[in-house]
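Protein sequences, first through last, are from chains A and B.
Counting from 1, one number per residue, gives the positions in the first sequence under this note's numbering.
Counting from 1, one number per residue, gives the positions in the second sequence under this note's numbering.
Worth flagging that the hints you see were computed from the coordinates, not collected in a lab.
Take the hints with a grain of salt, since some may be wrong.
Okay, the calculated beta carbon distance ranges per label pair [what the hints assert, rightly or not]:
no.: 1; chain 1: B; residue 1: 99; chain 2: A; residue 2: 42; range: 32 to 40 Å
no.: 2; chain 1: A; residue 1: 87; chain 2: B; residue 2: 91; range: 43 to 51 Å
no.: 3; chain 1: A; residue 1: 45; chain 2: B; residue 2: 81; range: 37 to 45 Å
In this text, all values refer to a predicted model and were calculated from it rather than measured experimentally.
Where a beta carbon is used, it is the ideal one built from N, C-alpha and C, also for glycine.
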Amino acid sequence: MNNWKSSSVVIRHAVGLHARPSVKLTKLAKTFAGAVQIAESPDGPWIDAKSIVKVMAMKAKQDSTLYLRASGGDAATALDALVTLVERNCDEDRAHAASG
Amino acid sequence: MQANDKVGIVIVSHSSDVARGTADMVRQMVGGDVPLGFCGGNPDGGLGTDVAKILKAIDEAWSDKGVAILVDLGGAETNSEMAVEMLAPERQGKVVICNAPIVEGAVMAATEAWGGASLEDVRRTAEELSPQ
Numbered sequence: 001m002n003n004w005k006s007s008s009v010v011i012r013h014a015v016g017l018h019a020r021p022s023v024k025l026t027k028l029a030k031t032f033a034g035a036v037q038i039a040e041s042p043d044g045p046w047i048d049a050k051s052i053v054k055v056m057a058m059k060a061k062q063d064s065t066l067y068l069r070a071s072g073g074d075a076a077t078a079l080d081a082l083v084t085l086v087e088r089n090c091d092e093d094r095a096h097a098a099s100g
Numbered sequence: 001m002q003a004n005d006k007v008g009i010v011i012v013s014h015s016s017d018v019a020r021g022t023a024d025m026v027r028q029m030v031g032g033d034v035p036l037g038f039c040g041g042n043p044d045g046g047l048g049t050d051v052a053k054i055l056k057a058i059d060e061a062w063s064d065k066g067v068a069i070l071v072d073l074g075g076a077e078t079n080s081e082m083a084v085e086m087l088a089p090e091r092q093g094k095v096v097i098c099n100a101p102i103v104e105g106a107v108m109a110a111t112e113a114w115g116g117a118s119l120e121d122v123r124r125t126a127e128e129l130s131p132q
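Can you make the complete structure from the sequences, with help from the hints?
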């Protein structure tokens, strides 16, 4: 489990990793078999990205860097998918436009 | 009554508006794949909870993996307990009432349920929110 692959991404969304993006990130993390963890610093503390309560409690802010690491056979795919999700602002622009 | 691989979520509030609004949040934030039932208000349309409505909501959210109930104040919990006691014996062991805030707990529980977690894990996730 300590054979981690790592990545990072800057959170651009105006309100950071708030409720709805947290749910999206957690749901995506849960689709991978290996461990997926996130942190606000490259040194940790690392939290389980599959735990909705912990992800939401992190309250990662706009323009902060989100550090990600994953292990297991699908680690690279997991990191790629999660970074892409955050880069897309968790598809929140569309959600906000839709809700006016 | 169809088989489902995800734990169902039931929302029981004194207010039908709170129940519907909480269900809307679950639907919009987590999606439609988690079995969901909700009810609020007494049979006359006022504030309160009703055992028959709770039983119907449990039936709507039924999953063989179990059902987690989120409640608001006192009577919602006692009436939910009564509803669980009225279920068929083979169902009773598959329903839990979570000690968690109703809105936040419902969203957290549904997110955990979405991933295919067990009933016990769904309940623990909702209850992680409560002050220790």
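Results of checking the hints against the structure:
1. The hinted window of 32 to 40 Å between residue 99 (chain B) and residue 42 (chain A) holds, with their beta carbons roughly 37 Å apart.
2. For residue 87 (chain A) and residue 91 (chain B), the Cβ-Cβ distance of about 45 Å falls inside the hinted range of 43 to 51 Å, so the restraint holds.
3. Take residue 45 (chain A) and residue 81 (chain B): their Cβ atoms lie about 39 Å apart, and the range 37 to 45 Å holds.
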